[in-house]
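Peer 1: Now for the letters of each chain:
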Amino acid sequence: MKRNLWASGLAALFAFFFMLPLIGAVYTSFRTDNAIASGPFVWEFDSKFTHYKNAMGAAGYDFASFFQNSILISIGTVILTTLISLPAAYSIVRLGFGGAWLLRIALSLRILPAVFFIIPFYKLFTNLSIVDSVRGLILANTFVNITLALLIFSSTIKDLPYEIEEAAHVDGAGVFRTLTSIVFPLMGPGLAAVGVLTFIFSWSDYLFAVVLSSSNATPVTVGAANFVTSYGVRWGDISAAVTLSVLPPLIFATLAQKYLVKGLSSGAIKG
Amino acid sequence: MIRQRKDRVSAFVLAAPLLLFLSVLVVWPIYLGIKTALSRDLLSEFEITPAGLDNFRTVIAAPDFWSALRFTIIFAVVVTIVEGLLGFGLALIFDRKFPGKRTLFSMVLIPIMIAPSLMAVMYRLILNENIGVIPGVLQKFGWEFSIFDQRYVFFTLVTLDAIQYTSFAFLLVYAALQNIPQEIYESAAIDGARYRQVIWRITLPILKPALAIIAMLRLIDSFRTFDTIYILTGGGPGISTQTIGIYIYKTAFITGDFGLASAASVTLVLLLAPLMPKIIKQFRLDIK
Numbered sequence: 006m007k008r009n010l011w012a013s014g015l016a017a018l019f020a021f022f023f024m025l026p027l028i029g030a031v032y033t034s035f036r037t038d039n040a041i042a043s044g045p046f047v048w049e050f051d052s053k054f055t056h057y058k059n060a061m062g063a064a065g066y067d068f069a070s071f072f073q074n075s076i077l078i079s080i081g082t083v084i085l086t087t088l089i090s091l092p093a094a095y096s097i098v099r100l101g102f103g104g105a106w107l108l109r110i111a112l113s114l115r116i117l118p119a120v121f122f123i124i125p126f127y128k129l130f131t132n133l134s135i136v137d138s139v140r141g142l143i144l145a146n147t148f149v150n151i152t153l154a155l156l157i158f159s160s161t162i163k164d165l166p167y168e169i170e171e172a173a174h175v176d177g178a179g180v181f182r183t184l185t186s187i188v189f190p191l192m193g194p195g196l197a198a199v200g201v202l203t204f205i206f207s208w209s210d211y212l213f214a215v216v217l218s219s220s221n222a223t224p225v226t227v228g229a230a231n232f233v234t235s236y237g238v239r240w241g242d243i244s245a246a247v248t249l250s251v252l253p254p255l256i257f258a259t260l261a262q263k264y265l266v267k268g269l270s271s272g273a274i275k276g
Numbered sequence: 053m054i055r056q057r058k059d060r061v062s063a064f065v066l067a068a069p070l071l072l073f074l075s076v077l078v079v080w081p082i083y084l085g086i087k088t089a090l091s092r093d094l095l096s097e098f099e100i101t102p103a104g105l106d107n108f109r110t111v112i113a114a115p116d117f118w119s120a121l122r123f124t125i126i127f128a129v130v131v132t133i134v135e136g137l138l139g140f141g142l143a144l145i146f147d148r149k150f151p152g153k154r155t156l157f158s159m160v161l162i163p164i165m166i167a168p169s170l171m172a173v174m175y176r177l178i179l180n181e182n183i184g185v186i187p188g189v190l191q192k193f194g195w196e197f198s199i200f201d202q203r204y205v206f207f208t209l210v211t212l213d214a215i216q217y218t219s220f221a222f223l224l225v226y227a228a229l230q231n232i233p234q235e236i237y238e239s240a241a242i243d244g245a246r247y248r249q250v251i252w253r254i255t256l257p258i259l260k261p262a263l264a265i266i267a268m269l270r271l272i273d274s275f276r277t278f279d280t281i282y283i284l285t286g287g288g289p290g291i292s293t294q295t296i297g298i299y300i301y302k303t304a305f306i307t308g309d310f311g312l313a314s315a316a317s318v319t320l321v322l323l324l325a326p327l328m329p330k331i332i333k334q335f336r337l338d339i340k
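Line by line, the protein sequences give chains A and B. Counting along the first sequence from 1, when you hit position 151 you're at 156 in this note's numbering, and nothing is skipped either side. Counting along the second sequence from 1, when you hit position 185 you're at 237 in this note's numbering, and nothing is skipped either side.
None of these hints come from the bench; they were simulated from the model. For clarity, every value in this text was computed on a predicted model and none was experimentally measured. There's no promise every hint is true.
[Stated by the list, open to error] Derived coverage of chain B by chain A (criterion: at least 3 residues anywhere in the stretch with Cβ under 8 Å from a Cβ of chain A; other residues may be distant):
(1) 110-120
(2) 137-150
(3) 293-306
Even glycine gets a Cβ: it sits at the ideal position worked out from N, Cα and C.
Using the sequences and the hints given, assemble the complete structure.
Peer 2: Given below as structure tokens:
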């Protein structure tokens, strides 16, 4: 074991660089304004957590509502993506619907540059009056995540033993019954993988949010970026806001790390 | 037979939400995109009029479009190579046993969980000339650093992209490495193969198909780079770091020319179209 310490060291070096931006934000968020203004290495602990209080609303920013929007958008996207792609994956894999071409179409979506869709979505959503609404952003993010979900669900269903479904069939259970009471309970790992990845990627969306939201539905990604341009000198408040914004997917994904790893490698794809 | 007919109906019913979703959010938008590309459609004018191929002529003659495309391709290729090599190296490290492996594995995955735009805000914080930690350290060595400095901007953006995305490459290579049966290594060890020989003669050849897919994914994704560069440089200095995504976004929502921006999107898709069947084939989508 001892001679592999160099491997620990190298891995730690990578980890340090990967976490450096986050470390920087957390560090700044706990320093007083005075210390921040005096230089990057002046340490003075802000025992009143002023920046966090400001970020949460004390200074009149809308940050709390951005946060709420992000949560609603991400959870809504996870639910809608699952509802659309799980039955479809079952239909494709087990009932032979559409064959591989449906998956192929879904995969071409993955390859098409998302930027192609910003103008059509803007026009379509304006017509449907869902611009700047949480509903609209849920639809846009479902679009982003549907390919990954289809691929993960299809490969999970493929790996289930078909005999159980056949037995249910013989016992007279219809397709829907088989799906809801036999297949669905066995889908745990697939659901967890789709859930955690869809949550991360919809939380991370910036492109669609910047085009399709203006104030009511603004999520933290756009909110934080605007924060920098509008309050460019209030670095303490910005760091606190960013630290808080990073936390939900970070906690969720760390708890579900096993499924994150599995989902990403089985779908071999990122939204 | 009756059972089968019923199954076909249920197959359709189960896939119906997906088909509906794809028609409304994919097929219809593609039509809208092409239609807009063929129209004079300005934010400043109320009326939208047919314009034939005017927008396409303007795009093809626009130096900004081509320089954005060029920058996007160069950036995508460079970051794919850098992140592929770093990710591969990191995966080789994690393929061994070492103290603290589990904790370090979780830490190394953190960038995957952080939104690129939030990462960009944190980059601005640590790179800020007055309060940033990085310029602070560099100053101790007598270096003046600015992210907007023309000389370093490309290098900086590649480094920042690598901080965000090396984890993806790492994770996929690492997963592929786990699929190599241990016996192969054992028999190589019995035959007295050196570590370097094992990597070159065994690991790399086995991983080749997986590495091709991973590289392709990184290439596709880096081709879409928007958030980080937009928040960090806005495409500047000048238009030197303007990606194709930033060009299209700015043309539509800042200049206000939807027609021109759509023509640029359509042109981009047409340029990528010949590659698509090849890429899709690489995934070996089987439903069996």
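Peer 1: Mind checking, does the segment 110-120 of chain B have 3 or more residues with a CB under 8 Å from chain A?
Peer 2: This one is violated; 0 residues, fewer than the three required, reach chain A with a Cβ under 8 Å.
Peer 1: How about the segment 137-150 of chain B: do at least three of its residues have a C-beta closer than 8 Å to a C-beta of chain A?
Peer 2: Holds: 7 residues of the segment 137-150 of chain B have a Cβ under 8 Å from chain A.
Peer 1: Given that the segment 293-306 of chain B was listed as covered by chain A, double-check it with a C-beta distance under 8 Å for 3 or more residues.
Peer 2: holds (count 6)
In this structure, the one hint that does not hold is number 1.
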